[in-house]
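These protein sequences, in sequence, are chains A and B.
Throughout the first sequence, residue numbering follows our numbering, covering 1140 to 1402 in sequence.
Throughout the second sequence, residue numbering follows our numbering, covering 16 to 524 in sequence.
The hints are simulated quantities; they were obtained by calculation from the structure and are not laboratory data.
Please note that a few of the clues may not be correct.
[Unchecked claim] If we take Cβ atoms under 10 angstroms as the criterion, some of the chain A residues that face chain B in the derived model are:
1) Glu1167
2) Asp1233
3) Glu1378
4) Val1382
[Unchecked claim] Every beta carbon over 10 angstroms from chain A, so not counted as near; a handful from chain B, in silico:
5) Pro109
6) Val117
7) Leu128
8) Pro293
9) Ala295
10) Ile307
11) His333
12) Thr370
13) Leu475
Ideal Cβ positions, reconstructed from N, Cα and C, are used throughout, including at glycine.
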Amino acid sequence: MSSLPVLDVSGLGRRYGELEALHDLNLEVHAGECVAVIGHNGSGKTTAVRLIAGQLDPSAGSIHVEGAPVDQEVEAIEARAALALVPDTPSLYDDLTVREHLQLVAVAHGVNEGLSAAPDGGALAELSAAPDGGALADGGLEARIEELLGGLGLAEKLDATPGTLSRGMRQKVQLACALIRPWRLLVLDEPVVGLDPASQRTLRELLLEAKRAGKAVVLTTHQLEFARGVADRAVVLSEGAVVADGPYDEIVDGAVVREYGLL
Amino acid sequence: MRAHRRPFRPSAYQVYTTLVCGAIIGVFVRGAIASLIAGGIGVHGLLLLGPAVLLVVVLAAARFGSWQGPVSFSAADVALVLTAPIASADLVQPKLEHSLLVGALVGAAVGGLAILVIAGGPAALGAARSVGAVVGLISLSSLCVAVSWLVQSSRRSARGIRRVSPVVVVAAGGLAAGSAVLFSRLGMWSGPWGWSIAPLAGGTGWPVALGLVVAASAIVVVWALRRAGAASIEMFAVRAGTRSALSASAWTLNYRGAALSYRAAQPARLGVGIRLRPPARSRRAVLWRDAIALLRDASRVGWATLLGAGATVEALTHPGRLLPAGLAAAGLYFAASLLCEPLRVDVDYPDRSATLLSWSFARVLLAHCVLPALTLAAITAGTVLVSVAIGVAGPAALILIPTLLIGVVATAVLAAALSARRGGRIDEALLIRMLGADPSSPASATLIVLWFAPWLILTLITLGAAITIVGHAVVHHRSMVSAGLLAVGITGAVAGALIGVARRTVRPD
């Protein structure tokens, strides 16, 4: 692991009026590491994810992605360029097809130009940009889109609009949108909700591949078994506060999880 | 259902308020009629504009059928009554007959009003033509209700009517122009919208025209009644939901919410067959996305063309006059606003563009302005060229294309985009303050207008002034160079300031 964490969260807090949704979250995630944030509904997981993605303003603390601050006021472009988010609720354009969503995300992130392609050229980079980090050749983007969607079981839905897809399929399109672009930190909020067992297995494989490629991953989940073998560390949140932080298997098999009724 | 209906017994207070309101409205209506008579809407005006206006009314009735229509059920009725083992025709037909009756009464009232306004009263028109005028408009309004139901009961018709709407509006304009230039009775013989006013217009053939509109109306009404059982429960359920959503949006002054509810009730209009090759450059990503959106909703471009072209013609044909200049500015603003819909979609869910594009919101907003600006510039320049070619405007108007056009279009599009950025719903704090005060007071009304329309007001002032200055120079043979420079300076400065504001915008909450 390098000394500079990919994600560095320090003293992070968020209040909604009187309610303290998140309090003093400290988190470092390094390259090649996966951290699972677990907790009940309302424990502050989604608030933490939205803060990390720059979609909410923190009431306290700071967030840095590869040293760049995540701040909604300055819109944190540098940090956003490195961070890919898969929100808990799919948010897609009604008038674009699945293929066009991926084309839009890829073009906007300069995949065709090689502007910010994955620097390491790892196995997962093949899914997100040209392997050499340069621009994709003509037709290369199309092939990559088809390959990625085929892997997620959406090969038949390339020209479908989101309105004609099930929730699980929309979730997979949202995941594909995150994976088609270059990224070094992937943040997934409840990624397995709505996914069938085969797609969950595919997602696990993708996350393991990402780790091997030296990427950092943060995910929130209720399904502790999904994250076993993927997540290196677990952070347990309860009522907005961290109640446990340590190696995943130790935490999940330990007393804390039973104490907070997470099993 | 009928057995359980409570008898209507108005309270003394209801009678009192109805009488007072009736008296007040009556005074206004009487005054309006008197001024219309004095204004002299004569037979010539009727022949010129009547058929075109009534054609648009028939179109409006048909479009109403595509999202609501004359037969409606509450959500409870849909869930409890329509799903019961009762033939739906038995439930629909009484409601349709009721709507036809209301339509006939409205037609009779309009007919009576038309006799007063256009002919100066039944005595001047004669008994036969007076009766004919009322019967003609009763027939047309019944036809409107029946057409509306036919569209409501058929998804295919609903899709079709939305597709042909811009063509019908252009045809209505063509009817008016044809009646003015070619043959004054062209509109009157063009269809039921013209036949229905034949008794008012007079001439030898009016009984024939009246017979035609009565026959056409009878055929369509019978056809509609025969289709009383043709509608689906899903259609009534969707429309009940739309009414609830529209009502909620209206009470909270959320016009974007109302627009989305209205749109959700429309038949699907996605032309997913249309594909565009994605660009190589990242800076063109939003332009490409907007092009797809506009191609898949071509009617939006059609309406924007009508508004933009109409505004340009208005400015060219009434130079130097303040009101036409204001109308032209408003037309350009609303055309730009129509073309800015993809930006509005991003404002509806601001996290979506943040997640998918990773761009700053200011960059997203400005990128969304490019295609509307190019499209509106093409519409406006094209209209100037055609106007010069057909002699509506002199060749001097061509100079507007390389000079004033850029500033005018940029101002209209940027103002519309900044308005879209606000999300189309009233600020909660302002709403609460208004609910605490008297919402109907002039102060509250002023607050609402200032809150909702600052960018429209800015556009009206800026473009209105620029158009008036240039027009004034044309009419009074003043120096075009100085007037043009002043107009370009005003629009350029405002457009520059708007770009500055746009560059500092942040993602909405």
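Hints, verified against the model:
no., hint, result
1, Glu1167, "23 angstroms, violated"
2, Asp1233, "8 angstroms, holds"
3, Glu1378, "25 angstroms, violated"
4, Val1382, "28 angstroms, violated"
5, Pro109, "35 angstroms, holds"
6, Val117, "36 angstroms, holds"
7, Leu128, "44 angstroms, holds"
8, Pro293, "4 angstroms, violated"
9, Ala295, "5 angstroms, violated"
10, Ile307, "6 angstroms, violated"
11, His333, "38 angstroms, holds"
12, Thr370, "5 angstroms, violated"
13, Leu475, "31 angstroms, holds"
When each numbered hint is compared with the structure, violations occur for hints 1, 3, 4, 8, 9, 10 and 12.
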